[in-house]
Structure formats: C-alpha cells, structure tokens
Amino acid sequence: MTLYANNLEYLLDELSRINRLIHIYLERVRADLPEYMDEFMGLYVSEDEIQKLQKSSGFGQEQKALPATGLEEIKVIRRQINNRKLESLKNCRELRLHTLSELFSLDEFEIDILLIGLAPEIDLKYEKIYAYLQNDVTKKRPGIDLVLNLLCPTIEEKIKARAYFSPVAALLNNHLVHLVEGQVESGSSIISSFIKIDERIINFLLGLDEIDLKIRNFSYLLKPRRSFEDLILPEDFKNRLMIIASRYRENKFPLKFIFSGSPGTGKKIAAEAICRDAGVKLLVVNSEVFLEGQSLDNADLIMREALLQNSALYLQDFDLFLANRELKNVQEFLIRTLKSYPGWIFLAGKEFMECCGGLISNGFTPFPFPLPSYVIRKQLWESCLKDYEVDRETDLKSLASKFRFSGGQIRDAVRAACSYSGGENPSSPALSMESLYAGCKAQSSRNLSTFARKIEPKYVWDDIVLPEDIKEHLKEVSGFIKHKGVVYSDWGFDKKLSLGKGLNVLFSGPSGTGKTMAVEVIARHTELDLYKIDLSCVISKYIGETEKNLSNIFKEAESSNAILFFDEADALFGKRSEVRDSHDRYANIEINYLLQKMEEYEGVTILATNLRQNMDEAFVRRLHIIVDFPFPDEESRLNIWEAVFPKEAPIGSDVDFSILAREIKLSGGHIKNIALIAALYAAKEGGTIRMTHIIQAVRWEYEKLGRTWNVFQYDREVFPA
Numbered sequence: 000m001t002l003y004a005n006n007l008e009y010l011l012d013e014l015s016r017i018n019r020l021i022h023i024y025l026e027r028v029r030a031d032l033p034e035y036m037d038e039f040m041g042l043y044v045s046e047d048e049i050q051k052l053q054k055s056s057g058f059g060q061e062q063k064a065l066p067a068t069g070l071e072e073i074k075v076i077r078r079q080i081n082n083r084k085l086e087s088l089k090n091c092r093e094l095r096l097h098t099l100s101e102l103f104s105l106d107e108f109e110i111d112i113l114l115i116g117l118a119p120e121i122d123l124k125y126e127k128i129y130a131y132l133q134n135d136v137t138k139k140r141p142g143i144d145l146v147l148n149l150l151c152p153t154i155e156e157k158i159k160a161r162a163y164f165s166p167v168a169a170l171l172n173n174h175l176v177h178l179v180e181g182q183v184e185s186g187s188s189i190i191s192s193f194i195k196i197d198e199r200i201i202n203f204l205l206g207l208d209e210i211d212l213k214i215r216n217f218s219y220l221l222k223p224r225r226s227f228e229d230l231i232l233p234e235d236f237k238n239r240l241m242i243i244a245s246r247y248r249e250n251k252f253p254l255k256f257i258f259s260g261s262p263g264t265g266k267k268i269a270a271e272a273i274c275r276d277a278g279v280k281l282l283v284v285n286s287e288v289f290l291e292g293q294s295l296d297n298a299d300l301i302m303r304e305a306l307l308q309n310s311a312l313y314l315q316d317f318d319l320f321l322a323n324r325e326l327k328n329v330q331e332f333l334i335r336t337l338k339s340y341p342g343w344i345f346l347a348g349k350e351f352m353e354c355c356g357g358l359i360s361n362g363f364t365p366f367p368f369p370l371p372s373y374v375i376r377k378q379l380w381e382s383c384l385k386d387y388e389v390d391r392e393t394d395l396k397s398l399a400s401k402f403r404f405s406g407g408q409i410r411d412a413v414r415a416a417c418s419y420s421g422g423e424n425p426s427s428p429a430l431s432m433e434s435l436y437a438g439c440k441a442q443s444s445r446n447l448s449t450f451a452r453k454i455e456p457k458y459v460w461d462d463i464v465l466p467e468d469i470k471e472h473l474k475e476v477s478g479f480i481k482h483k484g485v486v487y488s489d490w491g492f493d494k495k496l497s498l499g500k501g502l503n504v505l506f507s508g509p510s511g512t513g514k515t516m517a518v519e520v521i522a523r524h525t526e527l528d529l530y531k532i533d534l535s536c537v538i539s540k541y542i543g544e545t546e547k548n549l550s551n552i553f554k555e556a557e558s559s560n561a562i563l564f565f566d567e568a569d570a571l572f573g574k575r576s577e578v579r580d581s582h583d584r585y586a587n588i589e590i591n592y593l594l595q596k597m598e599e600y601e602g603v604t605i606l607a608t609n610l611r612q613n614m615d616e617a618f619v620r621r622l623h624i625i626v627d628f629p630f631p632d633e634e635s636r637l638n639i640w641e642a643v644f645p646k647e648a649p650i651g652s653d654v655d656f657s658i659l660a661r662e663i664k665l666s667g668g669h670i671k672n673i674a675l676i677a678a679l680y681a682a683k684e685g686g687t688i689r690m691t692h693i694i695q696a697v698r699w700e701y702e703k704l705g706r707t708w709n710v711f712q713y714d715r716e717v718f719p720a
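Every letter in the sequence shown is one number past the one before it in numbering that gives the first Met the number 0, and letter 339, counting from 1, is 338.
Simulated from the structure, these hints should not be mistaken for lab results.
Be careful, since some hints might not be right.
27 angstroms max Cα-Cα, derived DSS-like pairs, lysine-lysine [to be verified]:
1) Lys-547 <-> Lys-596
2) Lys-500 <-> Lys-349
3) Lys-251 <-> Lys-237
4) Lys-349 <-> Lys-453
5) Lys-500 <-> Lys-440
6) Lys-671 <-> Lys-683
7) Lys-385 <-> Lys-396
8) Lys-213 <-> Lys-195
9) Lys-646 <-> Lys-671
10) Lys-470 <-> Lys-500
11) Lys-349 <-> Lys-222
12) Lys-396 <-> Lys-457
13) Lys-457 <-> Lys-237
14) Lys-481 <-> Lys-457
15) Lys-195 <-> Lys-139
FRET-style restraints, in silico, Cβ to Cβ [what the hints assert, rightly or not]:
16) Glu-155 <-> Pro-367: 55 to 65 angstroms
17) Asp-235 <-> Arg-620: 52 to 62 angstroms
18) Arg-224 <-> Arg-620: 47 to 57 angstroms
19) Arg-391 <-> Arg-224: 23 to 33 angstroms
This structure is a prediction, so every number in the text was calculated from the model and none was measured.
Each residue gets a CB set at the ideal place from its N, CA and C atoms; glycine is no exception.
Go ahead and model the full structure; you've got the sequences and the hints to work with.
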C-alpha cells in the first residue's frame with residue numbers, strides 16, 4: 000500500500016471523497032428538476048415551486064437521500080483512505096486532519112462537516128455548486144441544511160445530527176467552525192445558517208503554522224533553546240524540578256505548574272528547559288495585554304493555539320488575572336478552562352494567590368522561585384558577563400553582595416552598563432566597575448518613594464569630622480556591606496541562621512553629631528541607593544495601617560537594593576509599653592511586627608536615634624552593629640569650623656575658628672546652620688563673611704534651640720560687637 004507522501008496529499012484525497020459525495024448528490028438533485036429551467040431560478044420562489052411543496056406528503060418522504068449505490072461507493076472510498084492513513088501514521092507521517100480530530104475528539108461526521116466547509120476555501124468552483132444546490136446564487140457557503148442533506152440519508156438522522164451545531168459541541172465550542180446567518184430575518188431556523196471554517200483552522204489543515212491573528216498581539220511562540228544546564232538555580236531546586244517534570248512525562252500526564260516569584264528569577268527559563276527536554280514548543284501569553292481586551296473568546300483561542308502548535312502554554316503574570324476583582328467573570332472562566340485543559344500549562348506570576356488553591360486540587364503543582372542567594376548571584380554575574388570584555392578591577396563578589404538582584408535584573412544591568420560604556424560592539428571599551436554600578440542602580444525599584452525620600456549622597460570620608468576610632472568603625476560598616484555575601488554564603492553562615500541575614504545598624508548620639516552625614520558617606524562609598532523613611536507617612540492612627548505600610552516598605556526594599564534609613568527611629572522603635580488599653584496593645588503589635596520584618600529583610604537598614612535609652616531592649620538585641628556618635632570636643636569643633644565653609648566663600652581675616660570652637664559648644668549640624676546663615680548675612684551686605692555675621696548667626700541658632708546667649712557676657716575683645 001502506497002503511503003501518503005505528505006499532509007497535502009492526504010487532505011486532497013479526503014476532499015476528493017467529499018467531491019464525489021457532492022457529485023452524487025448533485026445528480027440526485029438534477030433528477031428532481033423540471034424539464035424546463037427558469038432563468039431566474041434561485042432569485043425568487045415560483046408558483047410551481049409552491050405547488051410542488053404543497054403536494055409533498057410530509058416529513059421524511061421527500062428527503063433527497065443518496066442512492067444506495069452512491070452510499071456504498073462513498074463507504075468504500077472512506078475505507079481505502081482510512082487504511083492508507085493508518086499505514087502513513089505508523090510511519091510517522093504528519094496528517095493534520097487526523098491530528099485535528101485527535102486534538103478535539105472529532106468523529107467522522109464532524110470531519111466531513113469540516114471538509115464540506117473547506118472545499119470552497121481551496122477551489123471557488125464549490126461556491127457555484129453550493130449556490131446551485133441551495134437554489135440561491137447568493138448562498139455561496141454551505142448551509143447547515145445542505146450539509147445535513149449531504150451527510151444524512153434519512154430525516155431521523157438529519158434531526159439527530161443537528162446536535163453537531165450546538166454551541167457546546169466540539170466544532171463550535173473549539174471555534175473550529177462559525178455559524179453565519181444568511182440574508183434572512185433574525186430568528187430563523189438554525190439550519191438556515193451557513194458554516195464558515197475558522198481561518199486559523201484552514202491554515203492549520205493546509206500546513207501553515209502562523210499564530211492566530213486574533214491573539215498575535217499578546218502572544219508569541221518560543222522554540223526552546225535553553226536546557227537544564229543553562230538554569231542557574233540551587234541544585235536541589237533544579238533537581239526537584241527535573242524529577243517532577245520527568246515523572247509527568249513518563250506517565251504521560253499533562254504537566255501543570257504554578258511558578259511564583261519575583262521577575263527575573265528564572266521561571267520562563269525553567270519552563271523553556273522542561274519543554275526542550277520534552278521536545279515541545281512554548282506559547283507565551285502576555286496576560287497584561289490580554290486583559291486589555293477582556294474577551295472570553297480569546298482565552299479559548301489561546302488554549303486552541305497551544306494545542307494546534309503542540310506547545311506548552313505559559314501564562315506570564317498570571318496573578319494579574321486573579322488580583323483584579325472587576326474581572327471575576329474572566330477569572331472564573333479562565334480557571335474553569337485551565338482545569339479542563341488537556342495540555343501542558345505553566346502559570347507564572349509574582350505571587351501565589353489564595354484562589355490558586357482550586358487549581359492545586361486539579362493537578363497543578365506550586366513551585367515558588369526564590370530570589371537568588373549570593374552564590375547564585377555570583378554565578379549569574381559570571382554568566383551574563385562571559386561574552387563581554389571587563390576591566391580587571393571589576394569585583395563581581397562586591398556586585399553580588401551589594402545588589403540582591405534576580406537573574407533578569409543582572410542581565411538588564413549588564414545591558415545598561417554597555418549603554419553607559421558606549422554600546423555592545425566589539426570596539427566598545429571594556430565594562431568598568433563604574434558602568435556596572437550605574438547599570439545596577441538603573442534596575443533598582445523606585446516604588447519606595449511612596450514612603451521614603453531618595454537622598455543623593457554628596458559627602459565623602461574627608462567631609463565627616465569624628466574621632467578616628469568612630470570613623471574607622473564606620474568604614475568597617477561599609478566593608479561589612481561589601482563582604483556580607485561572602486560571610487553568609489561562602490562561609491556558610493546562612494545555614495546557621497534562618498533569619499537576620501541582613502545588616503541592621505544603629506547610629507546613636509545627640510542631634511547634629513553627624514549620623515545622617517555618616518549614612519550618606521556609607522551609601523556613597525558602597526554605591527547603593529539611600530532612602531530616608533518618612534515616619535509621618537508610615538505611622539498611622541488606624542489599626543493595621545502602620546503594619547501595612549511597613550510591609551510595603553520592606554517588600555519594595557527587597558528589589559530596590561537600597562539602604563533604608565530610619566531617622567529619629569525611637570519614635571517608631573521605642574520601648575514597648577505596659578498594656579493599659581487597646582491602643583497600647585496595638586502599639587506593641589506594631590513594634591513586634593517591625594522586629595519580624597527587620598529580621599526577614601536581607602538588605603541594609605540603618606537607624607538613627609538621639610535617645611538610645613528609649614529604644615526597646617528586644618529590638619536593640621537584634622541589631623548587628625551600634626555606633627555611638629559623641630558630642631564633638633573642642634578639637635573636633637575646630638575641625639568642623641575649618642571644614643564647614645566652602646573654599647569659594649570669602650572669609651574675613653577677623654574670623655578666628657579656634658575661639659569659635661572653644662566658646663560655641665554646639666554640634667556639627669548646628670555649626671553648619673550657623674555658617675550658612677552667616678554667609679547670607681554677609682551676602683546681603685555685599686562683603687566678606689566677618690565675625691559679626693557669625694555672631695548674629697550664633698544668636699539666631701541659640702534662639703532656635705530655645706536657649707539665650709548674649710555676646711556681651713564675654714569679653715568684647717573676644718567677640719567684638
């Protein structure tokens with residue numbers, strides 16, 4: 000027996016069978032025609048036609064059944080085609096009409112409906128034949144009545160076959176066939192409708208694989224290139240993924256995963272590796288764009304496309320479907336459809352939604368993707384930079400330690416660094432640490448601005464005046480930030496600690512002693528973004544709101560890779576009080592919640608307080624480092640006075656910084672204010688900054704502090720009026 004050479008040969012053979020069926024029926028119709036032909040046949044209903052209809056004896060008697068010899072001939076042709084088809088399938092021939100019947104469980108009758116509808120899509124002669132058979136030149140598509148007449152020998156079979164055109168039947172439910180109303184009044188019988196094969200189904204049967212035009216703007220087909228070896232994930236995580244995937248594949252169960260995790264954590268690459276291992280493609284759907292249309296039909300078309308492409312379905316940002324309550328009808332329909340979908344599915348989103356529980360009971364396996372550890376981040380940096388020229392001074396350990404990025408963020412950071420360096424072509428300069436830092440900062444989240452103010456650090460180590468031991472302590476803090484990844488991951492401390500893997504630092508000391516400046520210096524030295532938390536936005540009088548705000552801060556901070564700076568932290572982190580009323584109870588809950596979030600956070604948090612004694616003891620125990628900022632002594636104050644005025648500022652010869660340092664016992668923050676006000680006084684008078692201007696500014700600063708200071712209590716020679 001000769002095998003089918005290809006899909007088209009088989010399809011044309013099936014169409015030839017339908018052509019023979021139509022030819023036999025056409026002869027039957029012609030035999031019933033009168034001897035003369037009305038030249039206007041099909042354009043109106045004649046008197047003779049009405050009289051003939053009146054004389055008919057009722058249902059079933061005038062059914063234009065095919066002759067017995069014709070039916071037997073069609074059966075023989077069908078058997079021959081089926082035998083040849085089966086042999087071809089055994090030899091791995093792709094026969095798409097058969098594939099379609101398998102995918103959507105179509106029987107022979109439904110296949111014949113498709114072929115009758117397909118005929119005029121391939122050869123326009125069938126438009127004329129159908130118009131002739133339906134006695135109307137405008138009816139160029141096969142109507143349901145004609146289809147039933149062609150395929151049903153008796154009226155009983157014809158009535159029974161109407162079920163094939165039900166909205167829940169396979170042809171219509173899967174959008175393989177559409178019913179089109181003709182030029183008839185609304186409300187006419189269903190058998191007066193015409194059938195139209197869906198354009199995507201026509202293309203599929205003819206061997207074309209382009210994605211359906213109706214879903215092309217929010218989906219694309221991915222041919223998997225990356226394997227499990229390309230996955231940079233913890234080995235135990237990757238092994239568990241491979242075991243589950245192979246188990247499903249061996250047992251031929253539909254693979255259904257719920258992948259949750261931050262963007263760039265490897266969800267799509269993992270799906271790609273699974274599909275490559277199984278030899279199937281991946282249909283990726285952008286849920287955000289899909290939701291703009293909110294068409295339930297589109298959900299069906301997505302499922303259908305995945306089946307036609309023999310691909311797994313990857314719904315990107317699936318949690319968007321479930322987060323919006325206004326889309327409840329879409330959610331219910333989609334979840335219902337996913338439960339019954341026979342193919343492979345990957346639902347990917349940032350968070351695992353509670354409503355996904357119903358999917359788990361229907362065979363979906365949840366798989367949370369963690370943010371990469373320091374070790375994995377280091378591997379990701381090495382992988383992303385392997386094709387680029389990099390400066391020798393580039394410290395990947397430092398990048399991996401400072402920036403808690405996902406793999407996707409690291410890739411984007413490298414691309415951004417290339418742009419800063421002049422492009423990705425071979426002649427571009429090598430990527431420097433500076434350009435890589437800039438690329439990293441471009442990836443940091445900006446959502447913290449809701450509760451915080453971003454500070455651009457301007458100070459360096461030389462700007463801050465502190466005792467040397469305190470300054471060295473601060474430099475150690477900066478070093479800890481750089482090397483904490485090595486300590487926790489390379490040296491195994493992360494295995495010893497379930498919480499508290501970040502770095503929590505407390506700066507305590509009187510107002511103006513340099514705490515905020517020190518935070519800026521550290522942020523600039525470590526090249527991390529700095530966000531000062533606005534406590535007025537965080538603390539709320541409404542129960543539960545403070546916890547909600549704190550949760551949002553730490554959640555956004557996970558992706559911001561920023562230093563969180565809580566100034567005047569005792570207002571929020573103060574001692575827990577004895578519970579006397581409900582307000583006290585909830586205030587203590589807020590502190591406990593904050594302690595929990597601090598321990599969970601793996602970034603850098605710096606707190607500043609003027610009143611360390613007011614801090615809660617349990618909270619202080621959880622701090623890694625405490626730095627006490629002393630009130631500046633005379634020597635430190637002299638250094639501050641000498642450094643506070645810019646080089647460009649015109650300083651009078653009468654200004655004596657040593658006297659100011661000895662007599663004005665204020666901290667650096669107040670001295671900075673005095674210098675600025677004195678400069679404004681001098682600029683107003685159009686001259687240099689003199690001692691009198693400084694004394695005026697000192698008086699103003701003392702008044703602001705609620706303290707009085709009269710220059711005349713000192714010797715006039717020391718402070719001239």
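Given the hint that Lys-547 pairs with Lys-596, does the C-alpha gap stay at or below 27 angstroms? Cα-Cα ~11 angstroms, so holds.
Q. Given the hinted pair Lys-481 and Lys-457, is their alpha-carbon gap at most 27 angstroms?
A. Roughly 20 angstroms between the alpha carbons, so the hint for Lys-481 and Lys-457 holds.
Item to complete: Would you check the hint for Lys-195 and Lys-139, treating anything up to 27 angstroms between C-alpha atoms as holding?
Response: holds (11 angstroms)
> Can the restraint linking Lys-457 and Lys-237 be considered satisfied, given a maximum Cα separation of 27 angstroms?
Replying inline: Not satisfied, since the Cα-Cα distance of roughly 44 angstroms exceeds 27 angstroms.
Query raised in the report: That 55 to 65 angstroms hint for Glu-155 and Pro-367 (C-beta), does it hold up?
Result: holds (58 angstroms)
Within 23 to 33 angstroms: is that where the Cβ-Cβ distance between Arg-391 and Arg-224 falls?
holds (32 angstroms)
Given the proposed pairing of Lys-213 with Lys-195, does the C-alpha separation stay at or below 27 angstroms? holds (16 angstroms)
Assuming the hint says 47 to 57 angstroms, is it satisfied by the Cβ distance from Arg-224 to Arg-620 or not? 51 angstroms Cβ-Cβ, so the 47 to 57 angstroms window holds.
- Take the C-alpha atoms of Lys-646 and Lys-671, compute the straight-line distance between them, and say whether it is at most 27 angstroms. Judged against 27 angstroms, a Cα distance of about 15 angstroms means the pair holds.
Checklist entry - Under the criterion that the straight-line Cα-Cα distance not exceed 27 angstroms, is the pair Lys-500, Lys-349 satisfied? => result holds (23 angstroms)
When you check the alpha-carbon spacing of Lys-470 and Lys-500, does it fall within 27 angstroms? holds (25 angstroms)
Taking 27 angstroms as the top limit, are the C-alpha atoms of Lys-396 and Lys-457 close enough? This hinted pair holds, its Cα atoms lying about 25 angstroms apart.
Consistency with the previously given hints fails for numbers 13 and 17, ordered from lowest to highest.
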